[in-house]
Structure formats: structure tokens, C-alpha cells
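> For reference, the chains in residue letters:
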Amino acid sequence: MNHLAADVPSISNTRLFGDIDRGIQADKLVIPGLPVSQLSGFMRGHGTYLRGDELYSSLAGAVRQVNRLINVQSVKQRYSPEIGDVVVGSITEVQEKRWKVDICGRLDAHLQLASVNLPGGELRRKTTEDELAMRDYLVEGDFISAEVQQVHHDGSIFLHTRSLKYGKLGIGVAVRVPSYLIKRRKTHFHALPCGAGLIIGCNGMIWICEQISEDPDGGYNIDLNQHVPASNMKVISRLFNCINVLANHGIHIFETSVMNCYDFSSAYETKDLMRSDVAAEVAAQVIQQLRADIMDES
Amino acid sequence: MKIINEHGFRCDGRKAQQIRNISAQLGMDASSEGAAYLVQGNTQVICHVYGPHEATQRSRMQDDRCFINCQYERFLKSRSKKQNNMKKRTGKDRKSGDVERLVEKTFETAVFTTNFPRSQIDIHLMVTFKEDGSLLSTCINAATLALCDAGIPMKGVVSATTCGIAEGTVICDLNNREENDLVPRITLATISGRDECVLVELQNRVHVAHLPNLLNTGKAMCLAVHECLHTAIRDHLLHTIPIS
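In order, the protein sequences belong to chains F and A.
The first sequence begins at 1 in full-length UniProt numbering and counts up by one.
The second sequence begins at 1 in full-length UniProt numbering and counts up by one.
Each hint can be trusted.
Coverage of chain F stretches by chain A, computed from C-beta distances (three or more under 8 Å per stretch; other residues unrestricted):
1) 27-35
2) 54-60
3) 73-83
4) 175-186
5) 249-255
Pairwise CB distance ranges (calculated):
6) Val94/F <-> Asn216/A: 53 to 61 Å
7) Glu73/A <-> Gly18/F: 26 to 34 Å
8) Gln95/F <-> Gln203/A: 44 to 52 Å
9) Thr56/A <-> Leu224/F: 26 to 34 Å
10) Ser156/F <-> Glu73/A: 27 to 35 Å
Hint data in this document are derived by calculation from the structure and do not stem from the laboratory.
Please read all numbers here as calculations on a predicted model, not as lab measurements.
Where a beta carbon is used, it is the ideal one built from N, C-alpha and C, also for glycine.
Based on the sequences and whatever the hints tell you, model everything.
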């Protein structure tokens, strides 16, 4: 993006819904360097540090207390992986026996050759031939879906694609949204009723494609020159704009909110969703619907 | 030209120890992890924070901590009106290199860098056409706001001010007309407005007898700036929690 000095930033879109209840008490909010608790005997959790005998906050966010453990949860943060997360990332490097994958985290993740399913299906030891053919499977710039297998203490991350769900992604569109907007769900692979597949990576990468495939080859043999029908393209581009609407207005992104947004957006043309007034209108309707759903549940 | 006139006012109508109006906006750009737009009087700075991410400058990578990389840009008005009204100065002058190093050093003390081994945090600073003194301190204030927005752990919010001495009195938050070669000035940055300095930068020479007074006023002004930044961050936090 080209940041010109002349365009003074406008009011951010999240401000449009300033008076909405976000389930947070204002008195729980702290900024870095403020004391979190005057009382001693608490355990130091995330986002806090000891200075003398007192606990201080090191993040801007909300204070949470679980028994004697106090932590500060920041609102925005770069993605920090947890074991079992579904992520969508792109290959940045091919190294010896492993690929490096950019998952928008603090460090690039490793994808070991030993933890991928190669075409052919059968599980076997990887040979030197496989090592030499690594570039045939995944090269720099390829998108993959994977699961976080290990998170080491020093921050290094290991992924695996040992399931037919995961693997190389074929034709589709990737959207990057801030990872704090993603809601962790039971499943992150969705075949939407509007006729498109959605992979919501916990790292804030969302993949929109025609359909979620369970290719036995792990997606390595997909023909990228296939023709995509115009009707499917339209659905994909509408979803793309819907996700951007949600992200710009600070609404949690999960299958219900995306579907709601898609349904409400049908009153407008796809390109109009890029207009801020239309986007705000749709976002307001989505928030109303989500609130109504919560009321119904309780 | 007298910096403080006979009625005790400065050229922009402020009292000697009065900071300029501060207004801030956070998180206005989704493409970076943290963003801040800070206006201090007539000085405007836009700051973007990216990271912590995989170190791209391999030579600066450290195994036990992350490093901070600052980039500073200044936009200048083009002389001729026929050209585009905006022209970026190519290359870097000595002053911008200084600002970069000082911002890096300041935040290497304030940020808990050991939490992110082998990664890098980028701070991009942009000064718009409107530039009116106290540039380094405005840059530092903008960078703290952006780092807060990015959720990067810090010992505290760093707040900075520039103070100088004119005719024996301490003046605070200098503007362009006061920042001349005769006024000794000092840029101070403290953590959370407490008595902990993370940056002291002196320009021109100051008499040692003035120094304690200058430092004490500087710290008091840092606390005042800290209050403004505190309000801005809290206000922003209330608006960024995702709606579900």
C-alpha cells in the first residue's frame, strides 16, 4: 500500500460502532507500565512483569484473573500459534528436508518433509529421491493449509499436513485479516451453502475456493490452468469483499458471521461492498443478527 | 528575537512550561500490526509497526532476543508547483539517521525483546509536511502508541519531550522557531512518566548549573505527555475489542 503523507488517516471504521457493548469493563483495561495488583501473593501470567514486589502490566489490554494467576490479554497481537491450530500459509524457502512457511507469526514455521503426505498415499520413509524432488511438490509462493504440530520454547513452530484435509491449495483467493479477529472453532473447513469452500486459518489467513477437496494426492497434482465458471468467481469475490467488511469493522470472523454478511450483502452489488457507506450498513446488520443469535441462545 | 516576551509568553502564545495540544489516532491501518497518527501542535507523525516477524536482516539477527529496526521518512514540499506537489527526498541525511538510531536504542530498552528470539520489529516513521519542532520526541511518542496498538510487551509507555533554556528559564516542547542554534535543548524520554530515563539527547551546549532544573522539568513534562498518551490508548482499546 502506498502511504502518502497527504492523506491524513480518516476515522477508523471500528469507531462507527463505538457505543456497542463489547463485553468488557472499562476499569479492567490497563496500558503498559501500570500496576495490575497491589496485593502480593499473585502469580505472574502473560503480559505482566515484576518490578520490586508489585505486578505491572506489559501490554495494553484487559486484566484477567484465574484463581491466583493474573494475566493481561492484549486486544491486538501478532498470531501466536497453539498446537492443533489450522493455519494457511505460503512457502518462503525450500531447505534441506524441510520447507519454511510464512504463517504471519513471529517466526516462519517449519514443515518437515517427514510430516507431509506425498502423492501415492502410502506411508513410507522419505528417501533421498524425495528430498531431491521437494521442489516438485512445493515451491516458494505456494499456499498450503496445515496444522500446528509442535510449538517449541524458543518460538519455532512445526507444522504437519498428515491428513487428507491439509496440503497444497489449488485455485482460490487468500485474504489476510488481523488474527485476533478469528474465532477458534471446532472446525475451520467449511463448505458454504452459497457454493464455495472456506478455510479460516487461525493465523488470519483465509482461503476461499470453489470447494473443499479431500484430494488423496494432497493437492500436489492440481492443474492450475483449470477454468473457473463465472458464477463461482462471483461467489468467491463476494465472499472476499464480505470478509473485508467484517475485518474493517472489527467483527469476529467465523462461519456464521461470514454467512450472515454474505446474506445481507445480497441486496447490493459485489463492487458496492467496497464503498464505506454500504459496508457500514451491511456490518450493522451483521452485528444486529449476531446479537439476536446470542439473545436466542441465552 | 526574544523567545519569551515581556509578558511571559512564547511566539505561539504558550507559557514557558506548557506543552502543545496532543491528539492521537491509533490502529487506522489494518495492513500493519500497529499504527498511530500523532499530532503535537503543528508536528504530525504517522507510525507503523510491523512484527515481530522473521528477521529479514540476517546480519542483525540475535539468538536470544529480537532487534528493532526503525525507518524514518520525511516528506518535503517540492519547490516548483508544476511538479507533483509531493516529492520524496531521496537518500538519507545525517539527521534522519540519528533519529532512527535513537528510536531503536530507546525501544530496545523499553520493549521486552527477549520474548521474541530471532525475530525483528519494524518501526516505520513518517513525518508529514507539517513539521514544527520537537521531531524526535514526537516520533518516540508516536512509536510507543503504535507499539501499544501492536500488542508488543513493554516495560511501560515511553513518553518524550524536548526542553530548552531561554534567558535562564526552562521552556518545554519547542517549536521550529525556538529550535535555533542558540537555545540549548535536551530530549528526554521516560518510562511510564516515572523517574527512569531511557533517552537523553542534548543539542548545543548547556551550562551545568541549568542541568538539574532542565532535567527535573523535562521529567515532569514527560509525565504530562504520558497522561495524554494514556488517555489515547485507553480510548482506542475500548473500540478495538472484536464484536461477536
